[in-house]
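Asks: Top to bottom, those sequences are chains A and B. Each residue of the first sequence is one higher than the one before, starting from 1 at the first, in this note's numbering. Each residue of the second sequence is one higher than the one before, starting from 112 at the first, in this note's numbering.
FYI, nobody ran anything at the bench for these hints, they're computed from the structure.
Sample of chain B residues lacking proximity to chain A, with all beta carbon distances greater than 12 Å (derived): (1) Ser-137; (2) Leu-176; (3) Asn-180.
Derived lysine-lysine pairs resembling DSS-like cross-links, with alpha carbons at most 30 Å apart: (4) A:Lys-24 - A:Lys-41; (5) B:Lys-210 - A:Lys-36; (6) A:Lys-41 - A:Lys-52; (7) B:Lys-167 - A:Lys-104; (8) A:Lys-41 - B:Lys-210; (9) B:Lys-210 - A:Lys-79; (10) A:Lys-44 - B:Lys-114; (11) B:Lys-222 - A:Lys-104; (12) A:Lys-71 - A:Lys-44; (13) A:Lys-52 - A:Lys-104; (14) B:Lys-222 - A:Lys-41; (15) B:Lys-210 - A:Lys-24; (16) A:Lys-71 - B:Lys-210; (17) A:Lys-36 - A:Lys-104.
Here a beta-carbon is modelled for each residue, glycine too, at the ideal position from N, C-alpha and C.
Spelled out, the chains give:
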Amino acid sequence: ETAVFQTPNYHVTQVGNEVSFNCKQTLGHDTMYWYKQDSKKLLKIMFSYNNKQLIVNETVPRRFSPQSSDKAHLNLRIKSVEPEDSAVYLCASSFTGVEVFFGKGTRLTVV
Amino acid sequence: QQKVQQSPESLTVSEGAMASLNCTFSDGTSNNFRWYRQHSAKGLEVLVSIFSDGEKEEGRFTAHLNRANLHVSLHIREPQPSDSAVYLCAVNSGSSGNKLIFGIGTLLSVKP
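Starting from the given sequences, assemble the full structure and let the hints guide the process.
Replies: Dropping the structure here:
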């Protein structure tokens, strides 16, 4: 049973809209991540948060912003989505440097 | 920057035959190597994590790491149709990196 929970599972929206994805982990981990998986299945890290501090930002467009209220939650907001944002967004968590656990992902389709 | 490549892109094996997947990386200082499996409906599932040269077995899954050759492999013993999925190799970004770099994956199909 997964301990990293993502909502929604799917989201379809129009170009220019704002979307927000939620992620919660119940493992007590101190680090959370957002990854983007494109149509070719390549996973790329977008953000990493350690105890509410942003520690990695892989030069993603400014319209993407992570939001964390505590170390168990890391949401992702996308302002003004564009067609190339269509992808699966995977949330993950870990203790620093140890095993990384992933959620099931949120599939975003921008029409 | 760490680069991770996987081969083959796709692999078809018969049920019960050994399946072997390969992964090469560019930065030999990395010390954290993982194999994940991704079923479309289940998200990513970690199969084996290996941190030093040699072999690590987890059930039917065995990882072999050779950092001098920049190579880590995954062998699946007695594969079953339910093992059909995308297999992803992940390597951390250098000796102290906590960022995982993923390969593009190998699509494994296991025929009954």
